[in-house]
Amino acid sequence: MSEEINWQTKLDEALAKAEQKDRPVLLDFFNPG
Amino acid sequence: MENFIPLRIGHDQEPYAAQFLVKWTPKLYVLDYKGTAHHDAMGFFPPDEFVAFLLLGQAKLAFHNDHLDEAQNLFDKLLQEAPASGSAPEAVYLQGVSGFKRSHEAEPLKEVYRRLKLEYPQTSWAQRGFPYWNL
Numbered sequence: 001m002s003e004e005i006n007w008q009t010k011l012d013e014a015l016a017k018a019e020q021k022d023r024p025v026l027l028d029f030f031n032p033g
Numbered sequence: 001m002e003n004f005i006p007l008r009i010g011h012d013q014e015p016y017a018a019q020f021l022v023k024w025t026p027k028l029y030v031l032d033y034k035g036t037a038h039h040d041a042m043g044f045f046p047p048d049e050f051v052a053f054l055l056l057g058q059a060k061l062a063f064h065n066d067h068l069d070e071a072q073n074l075f076d077k078l079l080q081e082a083p084a085s086g087s088a089p090e091a092v093y094l095q096g097v098s099g100f101k102r103s104h105e106a107e108p109l110k111e112v113y114r115r116l117k118l119e120y121p122q123t124s125w126a127q128r129g130f131p132y133w134n135l
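Residue numbers (the working numbering), protein chains in the order written: chain A, 1 to 33; chain B, 1 to 135.
These aren't lab readings, by the way, just hints derived from the structure by calculation.
There may be inaccurate statements among the hints.
[Unchecked claim] Straight-line Cα separation of at most 20 Å, SDA-like style, residue types lysine to any residue; simulated pairs:
no., chain 1, residue 1, chain 2, residue 2
1, A, 10, B, 35
2, B, 34, A, 23
3, A, 17, B, 3
Same shape as in the complex, but just chain A (with noise of 0.2 Å):
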């Protein structure tokens, strides 16, 4: 995925941002190797 993206980190605060801009959450639980 690219870079850009602003990757939220914490489940909470993205679900409130969900919430607040009425938009699906996608998450990537990712092994950093």
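Given chain A, put chain B in place with the hints provided.
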């Protein structure tokens, strides 16, 4: 991606790893603002498949919330933009179910059977649509 709030969490971060049964990565979910998962996938996607995954997730979220007009538009968009994607057969199936729920007519379900048999005959979704052949 602009239609989503992107969230990245480490694969071993608790309590989320246990809550979402994360055992392998990449593992993706489409959530509503309450944190309910509406769509998920494991593994890497090429770009076109990723776009189709996102559209199907949006459409399923609308479908699960009975926003059937919105769901229908998103299923249509997916099938126009990514008809060869792995997400397309499920979109055909749910598009038909949405149509039935909106119209209470059998025709959208018959179309599910016809379209899946014709365009996606080797998928499990074609088998799931089989009972609608003689409605």
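Verification of the hints:
With a CA separation close to 12 Å, the supplied pair residue 10/A and residue 35/B stays within the 20 Å bound. For a cut-off of 20 Å, the pair hint linking residue 34/B to residue 23/A stands: about 11 Å separates their Cα positions. Distance check on the hinted pair: residue 17/A and residue 3/B sit about 12 Å apart at the alpha-carbon level, within 20 Å; holds.
Every hint from the earlier list agrees with this structure, and none is contradicted.
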